[in-house]
Structure formats: C-alpha cells, structure tokens
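A.B. asks: Below, each chain spelled out in residue letters.
Number of protein chains: 2
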Amino acid sequence: MIDVPLSEKKLIQQIRRSARRGIDKGKSVTTGIGDDCAVLRVPPGHELLVTTDFTIENVHFRRDWHRPELVGRRCLTRGLSDIAAMGGEPLAAFLSLAVSSDVPQKWVDRFLKGLLDLAVEFKVPLAGGDTAQSPAGIQADIVVVGSVPKGRAVLRSGAKAGEQIYVTGELGGSAAAMARLMELKPGGAESFRRFSRFSSRHSHPQPRVAVGRWLRHRGVVSAMIDLSDGLSTDLDHICQESHVGAEIEAEAIPRAQVGKRPAALELALHGGDDYELLFTSAAAVPSRIAGVRVTRIGRTTKSAGMRLIGVDGKARALEALGWEHFRRNQES
Amino acid sequence: MIDVPLSEKKLIQQIRRSARRGIDKGKSVTTGIGDDCAVLRVPPGHELLVTTDFTIENVHFRRDWHRPELVGRRCLTRGLSDIAAMGGEPLAAFLSLAVSSDVPQKWVDRFLKGLLDLAVEFKVPLAGGDTAQSPAGIQADIVVVGSVPKGRAVLRSGAKAGEQIYVTGELGGSAAAMARLMELKPGGAESFRRFSRFSSRHSHPQPRVAVGRWLRHRGVVSAMIDLSDGLSTDLDHICQESHVGAEIEAEAIPRAQVGKRPAALELALHGGDDYELLFTSAAAVPSRIAGVRVTRIGRTTKSAGMRLIGVDGKARALEALGWEHFRRNQES
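Same order as they appear, the protein sequences are chains A and B. Note that this note's numbering gives residue 1368 to position 135 of the first sequence, counting from 1, and the numbers run on in steps of one. Note that this note's numbering gives residue 1488 to position 255 of the second sequence, counting from 1, and the numbers run on in steps of one.
Calculated from the structure, these hints are not laboratory results. Take the hints with a grain of salt, since some may be wrong.
[Unchecked claim] Here are some, though not all, of the chain A residues that point toward chain B, as calculated from beta-carbon distances under 10 Å:
1) 1272
2) 1293
3) 1318
4) 1319
5) 1363
6) 1370
7) 1544
For clarity, every value in this text was computed on a predicted model and none was experimentally measured. For glycine and all other residues, C-beta sits at the position ideal for the given N, C-alpha and C.
Modelling step: build the complete structure from the supplied sequences, incorporating the hints.
C.D. replies: Here is the structure:
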C-alpha cells in the first residue's frame, strides 16, 4: 500500500525541463521538488493564499472529448483563477496526479505540457506535488499558493447594497462548447477539434490574474469571485456572504460569440467554467482593464434574492441553478 | 462537467463542528472555508512549508481492511509527518476529497472524524479544500502548510560523512500488520480488528512533529526525512541528496513488537508507512526526545552506497527496495 510512482520520474523530468524554460523555482521557492516539503518565501507584509481544485476524468473532462493539453491548462487555470479572485499574486503550484496503468505516457506528457505552458505564461513554478497509480482513470489535484498584501485580500463578503456589479470578458462560451459536444455522437472528437476554434474560452481559458490585481491595487473592488460554477451560482455566493440582493440586466450580460452567434442567455447565466471575474464596486470602473473587457451587468440591492430584468423591462426571480441542473432540465 | 458537491455540505458541517472543538481557524488562518482561497498568516521571519499527499482507495487502503477513521487519520498523518521531517510547525490543512456515489455517507463521516481527531490533537485547522463526485472509489489529497524560521528548514541534503544516523520509535510495525492482513482470507476485517490491537503504529500512526521541532531548534540535525517508503528507500534519498554513503547495524534497528514477537528485520528495513523520522547528526542526541525513543542505527560514510552490518559483523550491500518490491518477491 505504498505509492507506485510510475510517472514520478517522468513528472520530475518534465518539471526540470520547465526549469530550462525559466520558471524553475522563481524567487519565492527556496526548495522545490525532491524534499519532504517545498520551502517558499512569502513577501514581507503579505498574507498567504491557498486554493485546491480537483480535475477528475469523466467529471471535469472526458478523454475522448478534451485534448490532454487543454485538460492540463484548465487544471492550473482553476487554481490561478481562484488567486485572481482574491486580488492575489500566484507564487507556486503543486500537482498531485494519479494515473491508471491504461493511460498512455503520451497523454501524461501532453497534459503536463498544457499545464506547464500556462505556468510559464504566469511565471508560476511547479514546486512539488505527489504522484500515484490510480485504480481507474485520471485524478489531478492542483494547489496554488499565492500572496496578497496583509488585510487586502478581496473576499466574497465585502459587497454593500447599491453598488455596481461587473464581469470581465464574455460569458457562456465554455458551456456552449460543452452543449455542442454533448450533441455530437461518437466520433465527435474530430468535430470538437473543428468546433474548439469557435470557442476560445473553452479551449484556451485565461485566468484573470492581472485584472484581479489591478482592482485590488486600486481599491475599487468590494467583493469578488471567479466564475467557475456559473454567473447565477457565483453571484448567489457573493449575495449570501455579503447579505445583499442583486438585480441583473439580461441585455447587459456580455455573451461569448460561439461560431456565428452569441451563446444562449441561459448558458451565459448558468454555464460554468468561464473563469472570468465577477465583482462589485462603489466606484466607476474602466471598460477595459489589463486588456480585458469589463462590463457593468447590474447592481446590488438591499432586498435579498436575485432578479433578472428582461428585455421587456420586467423583473423575474433569478435562481442559482448551476450548469448540471440546467443540463438535466435540457435533457428531460 | 461541473463539480457535483455531494458531500460538500456535509464536509462544511463537519468542519464547523471541528470549530466547536477549538481548532476553527487558529491564529494563522484569517479566512477559512467558503471563499475562493483561504487566507493565512505566516509568522514573521518564517518561511513556508507545503506538502501534498494522495490517499487512494485500493492503493493506500482497502475499504474492507481499514476502518474509515484510520484512513482519515493516516491521510493527515502523511502531511504532518512531512512537516515534521523539515523541523517545521504545521499551520493549516486542506482536504480535497472525491467520493463515488456508492460510498455511504457514514463512511465519509467516520473518515472525517479520524482526520479531524488528529487535526485537533495537533491544533491544525482544516482551512479549505475541494469536494467532487468520483467515478469510482475514494480519492483524497491532503495539503499541509507549515512554517519554519527562515533558512532553518532541515533538508535531505545536509548530511556529512562520519555523522551518526538515528531513527525515532520502532520500525516495521505497519508493514508487519499489512503482511498479516494479506495472509488473511475474506472475512479478514474481523481478524484485522483483533490484530490492530497488536500494531499500534499501523492502527494509530503518530506524526513526530515535536521531535522534528526539537531537533531543528537545538540545531543538532544535519539531514532528515520521514519514513514513509521504508528505511532502505528513505535512507537512500538522504544518501543521494547529501552525496554520502551509509552503514547500518542490523542489530541496532529498533523493531516494532507485533503481537508477541518483533517485526521481521526485512520489514523493518523495507516496510513503509511507519511515519517515524530518520536523521543524521554530528552531535550526541538524547535517547528520548519529546517522549519518543531515539536510536542510533549507524553512520554516514564517505564511500557511496548503503551497507548493512549483520549480527555476524559482516557487511553486505543494502538495496533501496521499497515495500512493493519486497512484497512481490515474497509472493513469487
């Protein structure tokens, strides 16, 4: 009942390779892979941020649908996006990876390539982790450690009534890509490759670290969360934690262009995995931050609950559905 | 492809319950579960330690062999033991837990109880994590974050030739329990319950945090590792990283009492999961530290490789076998 570190050597090789790409340990990692713990330096006057996220085969991805590079990239995106949502700076990542013996080494290589390409992009060293043989399929757990000036972490609980609600980028692109994948019959992989060109948000997610840092640094953000579960669910988290309500204008929601048309409103409202930032602010916020579009989509209210203002100007209750629920309703 | 946080509510309930047991956030956790990241305070003048360890069903444990409380306890032990091996102080733990729908909630409750009992014992708050539905079985990943005064982390690479080699506690107890379990036929669970009384090290592992801290604080330790893969493998890690050899005296190795007799020498040499500390020192070390027995078992040498001095005084090469290898040889 001891780890069989089948892919550990390969993992360590890959990581050493990443060193040559200039992100070995960085200035924050004093001891990386190869000891009982990694040793990290947190900048003086800073607090530590820690986030962990699973990426599990047949739950978060399917081997016949998703390119391994994309699975790796999204795995790290989930962690970096959480750091971004606190207004923090990523310091290091740790990957725990369990792989069953039927997974080709090539798959693992390509998974690591996708993950490390993003790590290089964000100058985040892979400082450790664990490897194990999985009895079935692939399970990855990514840990990202970051820092933020003491007392300045942007929480979900800081929103006040009467503030404006903003999102970065465009919503619904990832869910639209998934919805399209689900319509495809076996042999869909090829179609997906064609389709993925249409939905860059699904096929090439981009954590919004620079935007989160800008907002925190300028002190113009009161509450923030990343859109991983979908707008309705994640907005509900801010409302619950901040004890406010929210009013969203359907027409204001920036919808991702998928192929030739925008993603359906329902997907922009309830679709997950967009990794955009949702935040509240009492101040005016520029329409573009760090090269990313920022859109006002509504306001916080004193009265609890979420409401959606339709094109006709009429308000209806907005439920925190989540994508799974939405999908089940689609099927039934 | 979104998390189905089936057990998340239960997990959060359990964690809130742990709060009432006095380890809610501790002084180092400013924001715990329920935001995008946990926010932690690292003591001034300290560096950060990070370790991650998988616990996977049918790799690290079997549901029909191991009580869920023990699986939970060992899950956290693995992380705390790594912090101990650096001479560090644990600050917070993070648990990522994926459970398939056939796992009874009762199992998860008992797993969390075992984990949280140990967390209370070591005053380590569970500050976050992730939950997901697993397609099959149980996968847990534990992250423990700790701290150590700047530049004082005890690495594997600090041993010099001519130093003494020490271990804490007794070795081979966990492997002996496992070996006995493997002899048992179906219905072995009941026998295991009886048997577990004989091997407290397997059924109630105890991370050696106080010993590691004492050694680091007194500055008497040059290199250290925890015994998770077995003495021969873990000693080899120190030798490789420190560029020294080692000579171990077979008679000096403290063997765990299993039932009425000591564990076999081979199990003490190659059996894993003891979670004792193996360290080198140029100074004299007391025979008992923080209530734990400490035994000199050999010395480091200039010449590379590991040697075992038998009862007959003759030296033979000691190979880093690891327990899996040892077990396979037993079977064949």
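A.B. asks: Of the hints stated earlier, which fail here?
C.D. replies: 7
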